[in-house]
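J.: Read off the chains here:
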Amino acid sequence: MDATEIGLWGVPLAILGGAIRVSTPFIFVSLGEAITERSGRINLGLEGTLVFGAMTAYAVAVMTNSPWLGLLAASAAGLCFGLFHGWICKFPKVNDIAIGIALMLFGSGLAFFFGKPFIKPKAPNLPAIPFGAWSDIPQVQAALDVNVLFLIGAALSLVLWWAFRNTRAGLIVRVVGDSSDAARAMGLNPNTVRLVATGVGGALAGIGGAYLSLYYPGSWTERISSGQGLMAVALVIFARWNPLGCFAAALLFGGAGALGPALQSVGVTQGYYLFYAAPYILTLIIMVATSSPTRSLAGAPGELSITK
Amino acid sequence: MSVITGNKAVGVETIGMTMRFGALTALGDVSVNVPAGSFHALLGENGAGKSTLVKCMMGFYRPTAGDMLVDGREVAIASPRDASALGLGMVYQHFTLVPSLTGAENLVISREKVPGVIDWRKERGDLAVFMDRMPFKLPLDVKVAELAAGEKQKLEIIKQLYLGRSFLVLDEPTSVLTPVEAQEVLGLVRDMTRAGDLTVLMISHKFHEVTAFADDVSVLRKGKLTGTGRVTDLDHKRMAAMMIGDQPIAVLDSRAAPKPDAEIVLKVRSLKAPDRTGLKSIRIEDLGVRSGEIVGIAGISGNGQKEFLEVLAGQRPRDTGEVMVRGTPYAATRAEARTLNVRLIPEEPLKNACAPKMTVAENISFRTFDIDSNGKPVSWISAGAIKAFSARLVEQFKVKTASLASPIASLSGGNVQRAVLARELTGEVDLLIVSNPCFGLDFSAVAEIRARIMKARNAGAAVLLMSEDLDELLELSDRIFVMLDGALVYETPIAQASVQTIGEHMAGHH
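Protein sequences appear in the order of chains A and B.
So the first sequence is numbered by my numbering: it starts at 1 and just counts up by one.
So the second sequence is numbered by my numbering: it starts at 1 and just counts up by one.
Pulled out of the complex, with its shape left as it was, chain A reads as follows:
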């Protein structure tokens, strides 16, 4: 048996590697959505922002040959989407969920429109750090090839978790998300805070999109997201609006998403397609298991339109 044959050990290893690879966009989108929802708004448009961010990053990277400029452009585009959502929602009787769905379709459509010429060319990828270089086994090397954005995402979730408790901005976002009246009594303008929070959320989702097109899968196609932006929104509720929870949940979802390819790689030929559905089934199971008709949702921001 040679070193590359690691048999069934390949499955957990591939899941670990997959979790790290697949989870990164989930991390960014869910952290962005966590900020937005903590301020009392839901932005379902992040799915569209993710796709548009992926297209923008890819296009800019192709044209400038710099993945970092692509990343920057994607976050700027995300910021614009977020600000647009936040601006529309400040008007009375506007429903944030309906606007989110509209922006989701708008973002995807716009991305397809502008993205057509960029399906063929090859863009430079974002760099990864080979943490697995110590090993001779290629599977280990592949699994531990960690993109810098994953590390940034991990650090960001820690920072946000800390910031929600220990900074003025964090407390203000929580105040606005929990009680508009209290915020107004303090002289805060809830709409402004939500505008900024939605903008930042959009920018993070744009970065998540850049990761999709510039690292994994690493090319621009129209089916690039397949609903990851929406799942990330569900994930925020599952994570109880806690940034560390978002990170853990994103890893869990990433691992579930890697289950299908991992089984395929060790030679399971039947039924592995079923495992491609694992993240979606997991979403359903989690939502059913954590919901209850008699209990109120712990930790939910009071101003959120779905929990009011």
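For the record, the hints were derived by calculation from the structure and aren't laboratory data.
Treat the hints with care, as some may be off.
The list that follows gives simulated cross-link-like pairs (lysine-lysine, DSSO-like), each with its CA atoms no further than 27 angstroms apart [as the list claims (entries may be wrong)]:
| no. | chain 1 | residue 1 | chain 2 | residue 2 |
| --- | --- | --- | --- | --- |
| 1 | B | K280 | B | K267 |
| 2 | A | K93 | B | K357 |
| 3 | B | K398 | B | K455 |
| 4 | A | K90 | B | K55 |
| 5 | A | K90 | B | K351 |
| 6 | A | K93 | B | K351 |
| 7 | B | K206 | B | K55 |
| 8 | B | K206 | B | K398 |
| 9 | A | K90 | B | K357 |
| 10 | B | K455 | B | K400 |
| 11 | B | K143 | B | K280 |
| 12 | B | K455 | B | K387 |
Away from chain A, derived, C-beta distances all over 12 angstroms, residues of chain B [as the list claims (entries may be wrong)]:
| no. | residue |
| --- | --- |
| 13 | E172 |
| 14 | D215 |
| 15 | S270 |
C-beta atoms are modelled at their ideal positions from N, C-alpha and C, and glycine is treated no differently.
Given chain A, work out where chain B should sit, using these hints.
T.: Relative to chain A, chain B alone:
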């Protein structure tokens, strides 16, 4: 500088304060003087202009005419910010604390200048020093949502003192407190005014509070000052006359003699149900309510009364136990409620007992719109019948509404409650379940609603009354239970009931 807060009380005076909204004069030429270190009560019915007056004082409104003096000097207050710079603060009737933040977080974030990164070790140290000087003791590391109403109210007052305010407007500060909590909070506030740390203007419509705690009182009616003076010079009757003029007040029927052998209409046995956190449960071992009696359930809010009501109303599933109405198992379906004549008046009626955007007529007809006069289901709903039925009830229960076609949400709180009472008390009532029926309502509405409940009892209904207002329970009930941590822990017939003992059981000191 005073020893307690580090602030010195300021005196505030309004001269000829007038506020017009278009053609409506909400406040006409009101002059009130609140000297430094005094406890001044502002009495008045809903809509008498109390809120308008304090909002003018606090800079929320810009008065049409009139001046403000602070410590004898004329000041211009154009915004709440100006008011707070002068040391004027307000404690609202509805809490302005953020529920999911801890007490400490609420205090720090409400400050004018908050550092970008909060050094919690330093802040905690400062807060501990500050709290040492306060007469109130409070846990500051608990989320506000987990505090009892009394603690929240104390925290609201502490927040104002923490922000350096030395003139406080308290807007009906005891409306959500138990009598014991109310006594405590107002007593401590009065001590602070006596010590010269604080000046208080308290909006109220409870006479006994005014008599017990205030030095002076001013009374408003329809935007005009109808009287002012030392509290010691005025009795309740004089104050009531100034407050409501000569409109008639409903008088409580005398209590018909209870029949100890009357039929037990509601029987609850070994009931167990999860509470809203899902972590604890409510357990009612044995409760029976007889025909022609009012059984009161006292308790500090959040001890399971709401869940109990929801179980009885069929809104919350139960784990075990049985609820029987006249010996029949009762699951609160529409059909059961109709055959057994069970009626329900939940708290916050606009939210829990009405469809706010539907019309007054439709809301009043919810129980009867789909049956004809013989109680048979109808296949076509008659708008005419709904209108005639509700017109009669609106008349009978004196619901003030612009029209039967107005959405019920446009009515005042007292009139929404009257409309709900009209719906629930019409026809045969064998069991009436009521929760906090008078919360936030004014004098005449409260008197009338209590009179209606008593009338239903005297007519033979079994009444289960849950209330956070102990005065109300003592006035209406035949027996009182105390609910604590989801269980009924104490029972007393009204003849032996004492506020002291009930209060101790409510607080769990037994």
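J.: State for each hint whether it applies.
T.: Structure-based check of all given hints:
At most 27 angstroms may separate the alpha-carbon atoms for a hinted pair to count; K280(B) and K267(B) meet this at roughly 23 angstroms. In summary, the hint linking K93(A) to K357(B) is supported, as the alpha carbons are separated by about 15 angstroms, within the 27 angstroms threshold. Only pairs whose Cα atoms come within 27 angstroms are accepted, and K398(B) paired with K455(B) is accepted, the gap being roughly 16 angstroms. A hinted pair counts as satisfied when its Cα atoms are at most 27 angstroms apart, and K90(A) with K55(B) qualifies at roughly 26 angstroms.
A distance of roughly 25 angstroms separates the Cα atoms of K90(A) and K351(B); the hinted pair therefore holds under the 27 angstroms criterion. At most 27 angstroms may separate the alpha-carbon atoms for a hinted pair to count; K93(A) and K351(B) meet this at roughly 19 angstroms. About 21 angstroms separates the Cα atoms of K206(B) and K55(B), which keeps this hinted pair within 27 angstroms; it holds. Restraint check for K206(B) and K398(B): the C-alpha separation of about 24 angstroms stays at or below 27 angstroms, so the hint holds.
A distance of roughly 23 angstroms separates the Cα atoms of K90(A) and K357(B); the hinted pair therefore holds under the 27 angstroms criterion. Between the alpha carbons of K455(B) and K400(B) the distance comes to roughly 21 angstroms, so the proposed pair stays at or under 27 angstroms and holds. Using a Cα cut-off of 27 angstroms, the hinted pair K143(B) and K280(B) holds, with the two alpha carbons roughly 18 angstroms apart. Taken as a hint, the K455(B) and K387(B) pair is honoured in the structure, with Cα atoms around 26 angstroms apart against an allowance of 27 angstroms.
For E172(B), the shortest C-beta to C-beta distance to chain A comes to about 16 angstroms, beyond the 12 angstroms cut-off, and the non-interface label holds. Consistency note on D215(B): stated as away from chain A, and its beta-carbon is indeed over 12 angstroms from all of that chain's, at 28 angstroms minimum. The beta carbon of S270(B) is kept farther than 12 angstroms from every beta carbon of chain A, the shortest such distance being approximately 19 angstroms.
The structure shown violates none of the earlier numbered hints.
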